[in-house]
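Participant: Line order of the protein sequences matches chains A and B.
The opening residue of the first sequence carries number 1107 in the numbering used here; numbering runs sequentially from there.
The opening residue of the second sequence carries number 7 in the numbering used here; numbering runs sequentially from there.
Everything labelled a hint here was simulated from the structure, so no lab data went into it.
Glycine included, C-beta positions come from ideal geometry on N, C-alpha and C.
Do not rely on the hints blindly, as some may be mistaken.
Across the chosen pairs, the derived CB separations fall in these ranges [said to hold, decoys possible]: (1) Gln121/B <-> Gly1127/A: 19 to 29 Å; (2) Leu1194/A <-> Trp85/B: 45 to 55 Å; (3) Ala1211/A <-> Gln115/B: 27 to 37 Å; (4) Met1189/A <-> Trp85/B: 29 to 39 Å; (5) Gln121/B <-> Met1121/A: 34 to 44 Å; (6) Arg78/B <-> Ile1224/A: 30 to 40 Å; (7) Arg78/B <-> Arg1122/A: 41 to 51 Å; (8) Glu70/B <-> Ala1240/A: 44 to 54 Å; (9) Gln112/B <-> Asp1219/A: 37 to 47 Å; (10) Arg1122/A <-> Val120/B: 51 to 61 Å.
Selected chain A positions facing chain B (Cβ under 10 Å, derived; list incomplete) [said to hold, decoys possible]: (11) Asp1177; (12) Val1178; (13) Trp1182.
Listing some non-contacts, in silico: residues in chain A with all C-beta distances to chain B over 12 Å [unchecked claim]: (14) Met1121; (15) His1160; (16) Leu1166; (17) Ile1190; (18) Ala1200; (19) Ala1205; (20) Pro1207; (21) Met1208; (22) Ala1211; (23) His1218; (24) Val1222; (25) Phe1239; (26) Ala1240.
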Amino acid sequence: MNAIAPRTSSLAFDMRTAVVGAAAVLTLLGAAVLWVFQPESLWPCVFHAITGLHCPGCGLTRMLHALVHGDVARAWSMNPLAMIALPLLAAMLAQWGLARPMLPAWFDRYAHDGRVWIVALLAFGVLRNLPMFAWMAPG
Amino acid sequence: MNVPPPIPPSSPPSLAPRIPNYMIWAILITIASVLFCCIVGTIPGIVAIVFAAQVNTKLAAGDEAGAWVASRRAKLWCWITTGLTILGLCWTIWFISAGGMAHYQQMMQELENVQRVQQ
């Protein structure tokens, strides 16, 4: 995704509005679902069910559930990486949607580098299964 | 999804070829992979987004051949992510139809008991 592309046509503008609008609607919908349902009544992680190990996304539902219910400490304990990534992704979406830079330029380069995300996900996935990094594991 | 949008008549005719960049497919399937495939399907999803982003960048730089390569790679990684997400979705449907979380927790408890006996 281009970090900050100038608005070139009304078509591009409509695209941004549609994407940001869809993201907002999905966020509200997700929050409503997690406000009503307990994470235990939703489906668990496929990877965890098959291997017994924690994948980088394990605890994501419980984290969002805790967040919707205002329990930030519990949310952090469920998936610390997602707690860092979520505001970052929201900021990236906002600055793309508004076509206005919000993150520092040097930081933005890393944030838009897929390799950084993949390395972070893989490293987090390995570390949270090690006993000395148990604080990264949900539960 | 890869159908080019109609060009408004007021805009000047574009000489650059339209190369599908699969960006929307890549983003949507990556989000779906988080929900139904855990993060396992998200990593190829990010790869798909990276290649999708390269299509327009390379085209803008005049590298049409490179843009086509990125387009084909984006398509391939989109399909990989889609496959993983469909598998995850099938498992989710099976899981819910097989009795849901209560049954699952009981199964995990039994598994833990077996492991404890083995140790």
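Participant: Next step is simple, just say for each hint if it's right about the structure.
Facilitator: Here is how each hint holds up against the structure:
1. Gln121/B <-> Gly1127/A: 19 to 29 Å: 48 Å, violated
2. Leu1194/A <-> Trp85/B: 45 to 55 Å: 28 Å, violated
3. Ala1211/A <-> Gln115/B: 27 to 37 Å: 51 Å, violated
4. Met1189/A <-> Trp85/B: 29 to 39 Å: 31 Å, holds
5. Gln121/B <-> Met1121/A: 34 to 44 Å: 51 Å, violated
6. Arg78/B <-> Ile1224/A: 30 to 40 Å: Because 20 Å falls outside the window, the suggested range is violated.
7. Arg78/B <-> Arg1122/A: 41 to 51 Å: Between arginine 78/B and arginine 1122/A, where Cβ atoms are some 27 Å apart, the hint is violated.
8. Glu70/B <-> Ala1240/A: 44 to 54 Å: For alanine 1240/A against glutamate 70/B, whose Cβ atoms are near 51 Å apart, the range 44 to 54 Å holds.
9. Gln112/B <-> Asp1219/A: 37 to 47 Å: 44 Å, holds
10. Arg1122/A <-> Val120/B: 51 to 61 Å: Holds, at about 53 Å.
11. Asp1177: Since chain B brings no Cβ nearer than about 20 Å to aspartate 1177/A, farther than 10 Å, the hint is violated.
12. Val1178: Interface hint status for valine 1178/A: violated (21 Å vs cutoff 10 Å).
13. Trp1182: Violated. Min distance 18 Å.
14. Met1121: At roughly 9 Å from the nearest Cβ of chain B, methionine 1121/A sits no farther out than 12 Å, so the non-interface label is violated.
15. His1160: Not fine: 10 Å to the nearest Cβ puts histidine 1160/A too close to chain B.
16. Leu1166: 7 Å, violated
17. Ile1190: Holds, because the least Cβ-Cβ distance between isoleucine 1190/A and chain B comes to about 14 Å, which exceeds 12 Å.
18. Ala1200: Non-interface label stands for alanine 1200/A: nearest chain B Cβ at 16 Å, farther than 12 Å.
19. Ala1205: 16 Å, holds
20. Pro1207: 17 Å, holds
21. Met1208: Holds: least Cβ distance 19 Å, greater than 12 Å.
22. Ala1211: Non-interface label on alanine 1211/A holds, nearest chain B Cβ at 17 Å vs cutoff 12 Å.
23. His1218: At roughly 8 Å from the nearest Cβ of chain B, histidine 1218/A sits no farther out than 12 Å, so the non-interface label is violated.
24. Val1222: Incorrect as stated: the minimum Cβ-Cβ distance to chain B is 10 Å, not above 12 Å.
25. Phe1239: 17 Å, holds
26. Ala1240: With a cut-off of 12 Å, alanine 1240/A remains clear of chain B, as the shortest Cβ separation is near 17 Å.
Going down the numbered hints, you'll see the structure goes against 1, 2, 3, 5, 6, 7, 11, 12, 13, 14, 15, 16, 23 and 24, while the others check out.
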